[in-house]
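Residue numbers (my numbering), protein chains in the order written: chain A, 121 to 458; chain B, 1441 to 1878; chain C, 34 to 321.
Errors might be hidden in some of the hints.
For lysine-lysine, the following DSS-like pairs were computed, each having C-alpha atoms within a straight-line distance of at most 27 Å [said to hold, decoys possible]:
1) B:K1624 <-> A:K197
2) C:K122 <-> A:K430
3) B:K1787 <-> B:K1860
4) A:K197 <-> B:K1606
Covered by chain C, according to a simulated footprint, are these stretches of chain A (three or more residues, beta-carbon under 8 Å) [as the list claims (entries may be wrong)]:
5) 287-300
6) 369-383
Just a sample of chain A residues kept apart from chain B, beta carbon distances all over 10 Å, derived [stated by the list, open to error]:
7) V254
8) G313
9) A323
10) L393
These are calculated hints, taken from the structure and not from any lab test. By construction, the Cβ of each residue, glycine as well, lies at the ideal position given by its N, Cα and C atoms.
What follows is each chain in one-letter form.
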Amino acid sequence: MSSRRLLSFTLALAILILLIALPAFASTFIVKTLTEVLIFGILAMSLDLLLGYTGLVSFGHAAFFGMGAYATGYLAKNLSPNIVVVMPLALLIVAAAALVIGFFSIRVSGVYFLMLTLAFGQMIYALAERWTDVTGGSNGLSSLPRPLIELGSARIEFDDVNARYFLVLAFFLLSYAALWWMVHAQFGRVLIGIRENEPRLRAIGYNTSRFKLLAFVIAGVFAGVAGALYAGFNRFVSTSDVYWTQSGQVLIMVVIGGAGTLLGPVLGAGMILILQNIISSATERWQTIMGLLFIGFVFAARNGVMGLLKQIFQISNFKFQIVKPKSESEVSNLKSKI
Amino acid sequence: MSDQNTLMDRRRFLKGIATVAGTAAVGALIEACAPAATSAPTTAPAANTIAPAATSAPAATAAPTAAPTVLKQTGNVKIGLILGYSSVYAALGESITNAMQLYFDSVGGSAGGRKIDLVKEDEENNPQVALRKLSKLLDQDKVDIFSGVISSAVALALRDPLHEAKIPSLVSNAGANDVTRKAKSPYIFRTSFSNWQVSAPMGPYAADKVSKKIVVVAADYAAGHEDANSFMETFKKAGGTVLGEVYPPFPNTDYSPYLPKIKDLKPEAIFAFFSGSDAVNFIKQFSDFGLAKDIKITCPGFLVEQDVLPAQGKAALGAISVLHWAYGLDNAENKKFIADFKAKYNKDADVFAVQGFDTARVIVEAMNAVQGDLSNKQKFLDAIKAVKFNSPRGAFVFDPATQNPIQTMYFREVREVDGKLQNVVIGKTDQPVADPGA
Amino acid sequence: MSLDFLLIQFLNGLQSALLLFLLAAGLSIIFGMMDVMNLAHGSFYMLGAYIGLSLVRAFGNFWLALLIAPLVVGALGFIVERVLLRPLKGRGHLDQVLLTFGLALVALDFTHATWGANILSLQPPPELAGSLPLGPVQYPLMRLFVIVMGLLLAAVLGLIVSRTRIGAIVRAGVADAQMVGGLGINISLIFSIVFAVGAALAAFGGVIAAPVVGLKLGMDAETLIAALIVVVVGGLGTLRGAFWGSLLIGEADNFGRALLPDYALLSVYVIMAAILLLRPTGLFGKKT
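This is chain A alone, in the form it adopts within the complex (with noise of 0.2 Å):
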């Protein structure tokens, strides 16, 4: 094993058990804080899928999100506040909807498909305020039951802020590796082939459209996870979790986190969870400086979070390596290409 996987390694159990451990010292703020900051880890790793790694931008993505919540509370409501039960028949609900979606939105491409996707989102987010009798229309769907787990004789309460803290850490990390799985298999190479050179990939025979549903439907059915896992936390659903407002939060989780990786989108939705928290409570003028924070970003921060820490750690190398001078021809090509 090279140092630098080691470290990574090492890095990597670090914060795994840091974040086991966590709600061994964390306040239950903070505890609270972390869930909701994994929940929508997910829904941002999940839009990057589409966006960094198949370059499909998508601004409807809260329409999945929502209806993952939606469909949970309801049923959780009506059938059963068991996960095991319910969370299936959410998530097939979502991947159902996804694949209709997706169907029509991929036909179309670059600002036409965002465009289509917001089109596609605030449909959804119509029908949630227009059909009222299950999804509580604009005072929203509330008092649901707490998520548990019941299989057989086992029976899990998720009536704690620490066990809902697991449940969330649990399912994110499964999501994470599956994502990662996903994005490192050959599929992955195929969606990044996607976005780098579609009519290439085309013209050696790969149905890139096949591809780019079935990315779209996975985005969807994980985004369907965070829904689910959010209505379980907030145990209420509104229809600002299906308003384009939604999807424009995430769309911006992963690009300050960084597109195009998986981590990076994690680390933005954490970003901008916690920052908004602290800086709109110390003061009114908080829009101001998240707007000022993000355009800071763009000069500061070529490709997001993850682009700074990179940088960072490569000039960190830096120091140990000897630059060789360039030669005088080299240098005058660099002047006048500047």
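Keeping the supplied structure of chain A fixed, place chains B and C upon it in accordance with the hints.
Just chains B and C now, kept in the frame of chain A:
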């Protein structure tokens, strides 16, 4: 008392484990980075870090363990506020907060012998955000009392966590009937109104004094439908006929697609529910398109309340509304309130300010009644329930069944008084109105 | 359904369509030529309205406000393009989205801090305060003015783009900006000017919209989304697309609201989706 001690023990025990695990340093780091560092000032100054393990605990528990209760009851009382401070609902949030501040200042900033600390959080008109903020107020700031909430969806979202945390709470705006009906909680009071209260009384009044042929126009969301239904119920009972119902989407800027339709139904009057910028646009366009000439407007008072009236201008003249307060209400409390509010903020008070003012007063009076001792929750809740005083809106008293105020509803008409538009009181309900509660 | 009713609804649709056109025109050309996705375009509209209001309050003259507010906002647009967007050249849409979203947040908060959170209104100038009798209702003159100004500006813009040298450069720029640069034309100055003109048009729209729909925080996002819909329906980078797209969306939205109020939230999205599925690059967009 026992709560405090077990908390302490658990905290110490866990801290011990954490230290053994060698992660105490990381824990302290996280605690240090946590929002606590930048949130509203805490009561006791944070201890300096000489012995990290012992002093990194939050301020409240850093005091001698022998007398936590005493500390709790003589220290400042923390009131957590979640209200709209940005974008669309900011005007309402600012109004409520200003009036609360006005009242707190008038009693020297303390209640029951304890100084009052306000911790303000932005509702952002989003239940997600509000839930996050509530968690901060409850788990980190450890507020003793909660108040706020502009939006009904947010009020319903916060209901369960407030109920479970057993935090005495005062809803100072959100009007959804369910807040004090299906979702009512012994810990939650409402100092503002229920949607039923601000629309049902208009039914008989309109049928009697305005017209028996009315078209109902309401924003197409929960509050709009609640208001429309409450009105239609009592209006029909009083012999009125509803010629048609029109529900423009919410929010909406342009009502021109709906105006010809209303006109086509040939009503003598409409009952309209809108608020905020929708209210401004509706009233202005209703007049611009010439409908105001021969169709009278009846409405819940929000359509023409002080916050929107200046922007509506003369287009609002003649609108008849019902509300639990009116700018022109003739009583000593109201006159003083309006004058004090104007003197302090150089703005006219509105109904939201009255709600904030009364909310603050309920808190202070209840705190005084228990001498600042909140340790017995039931006693404090009973004290809130028993609060009675003369508010700018008239007598203020809670309905023990719903914990929503029983209040006189005023009929008002927009008139020009000394060159200024004002809601002038033209009548009131015979009896104070209580929400039916089911 | 009477003819009067249809006529009034048609005029209403036309009025909101032409207001949208003022935003969509700039947005579309900026996109087509500079490949910039500008989420702060709605902020130019909002700032135009509020600055216009302040000018009317200060000088008591609507026409002066209508002249100056767009100039101020245009200058702001020029600076934004030079200082913030130019350095991002070649960085892709996502960075632009983040940057312009940040700008929109700052603009919104600035508006809140400067003009307060209350809903404000701007009286139409005395010349346009009345209304014309029209069937069962009266039609406000201010709305007719919006229609006239919209049509006028559409015609002027159309002529500039199709008949003038600068128009030719813009058209060539949409087709291939690099090539235009290669011809020794100062393309970077053209970019800044186009961006500034787009901002000014949006601000102009804001000023004439203010007496019709009032001023409030959040008017920026509302209008931006509608304008973006118009842009993709019409096709990126074409003035013609922006014009017909506005008409289609404006009328469809208006008739949708009037005839099918239950589906009012949906109509524009359904239409956009339908058009994109039939024509993946909008009505007049370049095929990719």
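Going down the list of hints, with the structure as the test:
no.	hint	verdict
1	B:K1624 <-> A:K197	19 Å, holds
2	C:K122 <-> A:K430	22 Å, holds
3	B:K1787 <-> B:K1860	14 Å, holds
4	A:K197 <-> B:K1606	23 Å, holds
5	287-300	violated (count 0)
6	369-383	holds (count 5)
7	V254	14 Å, holds
8	G313	37 Å, holds
9	A323	45 Å, holds
10	L393	8 Å, violated
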